[in-house]
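Asker: What follows is each chain in one-letter form.
Protein chains: 2
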Amino acid sequence: MDLLKFFKYVDEHQTHYVSLLREAVEIKSVSAWPEARPEIVKMVHWVGDRLKKLGATVEYRDVGEQELPSGQKLALPPVLLGQLGTDPAKRTLCVYGHLDVQPAAREDGWATEPFQLIEKDGQLFGRGATDDKGPVLCWLHAVEALQATGQDIPINIKFVFEGMEESGSEGLDDLLAAEKDKFLAGTDFVCISDNYWLGKKKPCITYGLRGVCYFFIEVQCAKQDLHSGIFGGTVHEAMSDLMYMMNTLVDAEGRILVDGLKEQVAPLTPEERALYKDIDFDPEDYRKDIGTNCCIQKGDKVGGGRGTGARGHWVGLRYLDIGSNRCIQKGDKAETLMARWRHPSLSLHGVHGAFSEDGAKTVIPMKVTGKFSIRIVPNMTPESVEKCVVEYLNKQWKKRASPNEMKAFMFHGGRCWVTDPHHPHYQAGARAIKSVFGVEPDLTREGGSIPVTLTFQEVTGKNVMLLPVGACDDGAHSQNEKINITNYIQGIKMLGSYMNEVSKISE
Amino acid sequence: MDLLKFFKYVDEHQTHYVSLLREAVEIKSVSAWPEARPEIVKMVHWVGDRLKKLGATVEYRDVGEQELPSGQKLALPPVLLGQLGTDPAKRTLCVYGHLDVQPAAREDGWATEPFQLIEKDGQLFGRGATDDKGPVLCWLHAVEALQATGQDIPINIKFVFEGMEESGSEGLDDLLAAEKDKFLAGTDFVCISDNYWLGKKKPCITYGLRGVCYFFIEVQCAKQDLHSGIFGGTVHEAMSDLMYMMNTLVDAEGRILVDGLKEQVAPLTPEERALYKDIDFDPEDYRKDIGTNCCIQKGDKVGGGRGTGARGHWVGLRYLDIGSNRCIQKGDKAETLMARWRHPSLSLHGVHGAFSEDGAKTVIPMKVTGKFSIRIVPNMTPESVEKCVVEYLNKQWKKRASPNEMKAFMFHGGRCWVTDPHHPHYQAGARAIKSVFGVEPDLTREGGSIPVTLTFQEVTGKNVMLLPVGACDDGAHSQNEKINITNYIQGIKMLGSYMNEVSKISE
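Line by line, the protein sequences are chains Y and H.
So the first sequence is residues 1 to 507, counted in the working numbering.
So the second sequence is residues 1001 to 1507, counted in the working numbering.
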């Protein structure tokens, strides 16, 4: 393969690649918004049409219906199965990506319209730019650029692109299991570009992910919202019950209070600890990226040391070994990385059904739903976590002795995943990175969840690799999500070079 | 005055009166929505135009700007000052009403479009139907019907209609104080129709109101929203701090935990207790109106007695003497009314800035604002309550020892009000009610807040009376707000008859 010719072509077509990402971002394929379902379908077909132009065969597979919390049923978007090449002499790579995005709205604090791609200072802002529309397009562009420069695609590729990843990948697991000996048959390796570099400058390859279990706590106190002036003082309010319940989940240091979870966490071995030693990561940079006007001094005690009269916005970072409930030294690289990658964490996301707007409304909400999730790690499973959490919440509710109705349940659960970072497939990925960036990648894990990673490993029985395109500060799930133009363009080169390396793996 | 002729005319013009209310409801004059400000202005002018047609002089008074929580400034809607008649031989009545409404959206659970008036089973559904557009229109219709039946308006009327009542009546107090010796000079009595009957069938006159102090608790942990997978475990989350803070405000029984508030509540005298004895109020009906599928049995202990395996939605009502922190017998009429009218209560309204939609979003919100309010009673003042609450929350925050930034403050505060229910003005009101409904009204207080009531009393030095038009189940501030057609039509008659009675007061 003439990599230099390929690289040159990619560089020369930057404007074209940006304009295609612009088109993709403008499609509001938010899987959490039931009313946006047609947009996801549109996005899936948009990618399918482009794959067809590249010579792939494309199928849109119906994966059934989704039941909304209201009980309403809604058709799931189709999963795209694409096949490019069927040469038995070539290696076959299965590529996964997702075409749906997180919710976004200007009023959430975006500086620009989230569903328009805005180029500024070498960055492309827009919902889905990095999660995961940009990386998906990199695959398409890599194939296109190889073809345009007259080069043979050195591998067969099976594309699996779905539209429900941000809402639990509903329907996908069943489809993949059913396609094990059909569409997925013959797969040699699986590659997923749906995560991020650990930092902003150095590429990495990722061998582990936390899972996520998402919970709802519903409390109802009346058949309709009530005026707090007219009824306040005579109603056992659902909101006060919910605040009580939400406050039982983590302590002031963020330690998870749910009984029986800590015991499920795999012990840390010296071998695993050693893996963290050489990773290029500066906890202080990380802290600064999250917060503004941060005034924690190096050497301050955690949770203390706040100067009298010191105002301005703070960012507090906990550097805790959550598994052992012990405080650790602030700024420790390995401990911070482990807190992100190999310890569970619990986040409180919000409340549905209460007053959530600006201004003041004197309402007693009739029914409120608290939302939180737990990031899970080996050896926790969604089943074991669900059991502990629901039991724990029911126990707390009993203590509360409220006459209201409470229901705590797991909305969805995704498993965690860890594999061997020294597999030949990972070495191929490392060589591809070196050919584009000139450096060896860091071997990392991620705190986020891509539950299908594990499904692909189990269904194909083959090695799965996560090969990120975006940088750590891309703001996936945040306001002002972006991808750097250089990451986007180098990503195309990396994936083309990686196809070449995969074709050479002898196993 | 020929009351029968007037009543007959009103009955014959029901369709016309409903169509005018329809027009008013369609104007989305929500004072909590900054973007709806032009709708409030439109609503104020809509009423002004109608007053002019009735022969009133109308002024629109600029009352300055509002500072939003974001720091943005927004012009307040004008206050309408209208004058009908200046005959020095007549009594002069000052009438207050408000033209803004609470927020409303179909997705909050409305069965119909909130800003369309829908007639069903003798009820008129729509935001503002009862709070307070319907009652304001009753005043206009009463004048119109008296004129149409060839009768002299027996009093002079000064109309004060504002557009910010649901957001703290900003700007109004200053205007009223400034107009004390100008527009308001010569006022003999003040009447406000902005509250509700105690029940569904029997009219009442109201001599007391609770005040309200609305508080915000802001907590910030980062400069932007964060992905809980990538950052969870290393950030001291604002949401968990806020849940802790919100959970320190009331106990499981709804008792206010803020130090120093209970001591401010005026003691209950035997005379006051006696006032509750003959009021027509059934706590069991009240409970049923709030909840569905309620399975509390009479005689059950509060907070207990829940049958094993009993499911379905519960409504728990606390019948507590909050002032003395003692449990009382369930179903006690006087104690239930006192919990609504003469004891303080604290309601948690919601959280701004967190994920509040349907579905799942794995976000760590950067900044969250908890909202709650306290209904205050004699001898509490907004100043005394603000001091206790802010001190208490700052104390709780110190205990929390969080590195995040927290700010607790009072967003607005309105005083409570109580007057003498045996004043000649109240006797005139009672006679007007008897002329329309054939019964003596109950003398009631209200749990809700109409802070300007006290301002009118102080500025004019005259007796203020609350003369409600709507029924207890109208759902002000709720989904499916409505006014019964009979209440609306009888309200017109009542106010016309009341004008007649006011003209006869010799004091």
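The reader is advised that the hints may include incorrect statements.
Under the rule of at most 20 Å between Cα atoms (straight-line distance), these lysine to aspartate or glutamate pairs were calculated in the EDC-like manner [to be verified]:
(1) H/Lys1042 / H/Asp1062
(2) Y/Lys223 / H/Asp1062
(3) H/Lys1407 / Y/Glu263
Here are the simulated distance ranges between beta carbons [said to hold, decoys possible]:
(4) Y/Asp285 / H/Lys1399: 30 to 40 Å
(5) H/Ala1105 / Y/Ala401: 30 to 40 Å
(6) H/Gln1072 / Y/Arg431: 19 to 29 Å
(7) Y/Asp121 / H/Gln1072: 22 to 32 Å
(8) H/Glu1119 / Y/Lys180: 52 to 62 Å
These aren't lab readings, by the way, just hints derived from the structure by calculation.
All C-beta atoms, glycine included, are put in the ideal place defined by N, C-alpha and C.
Asker: Can you give the numbers of the hints that this structure goes against, from lowest to highest?
Answerer: Of the numbered hints given earlier, those the structure breaks are 2, 3 and 6, listed in rising order.
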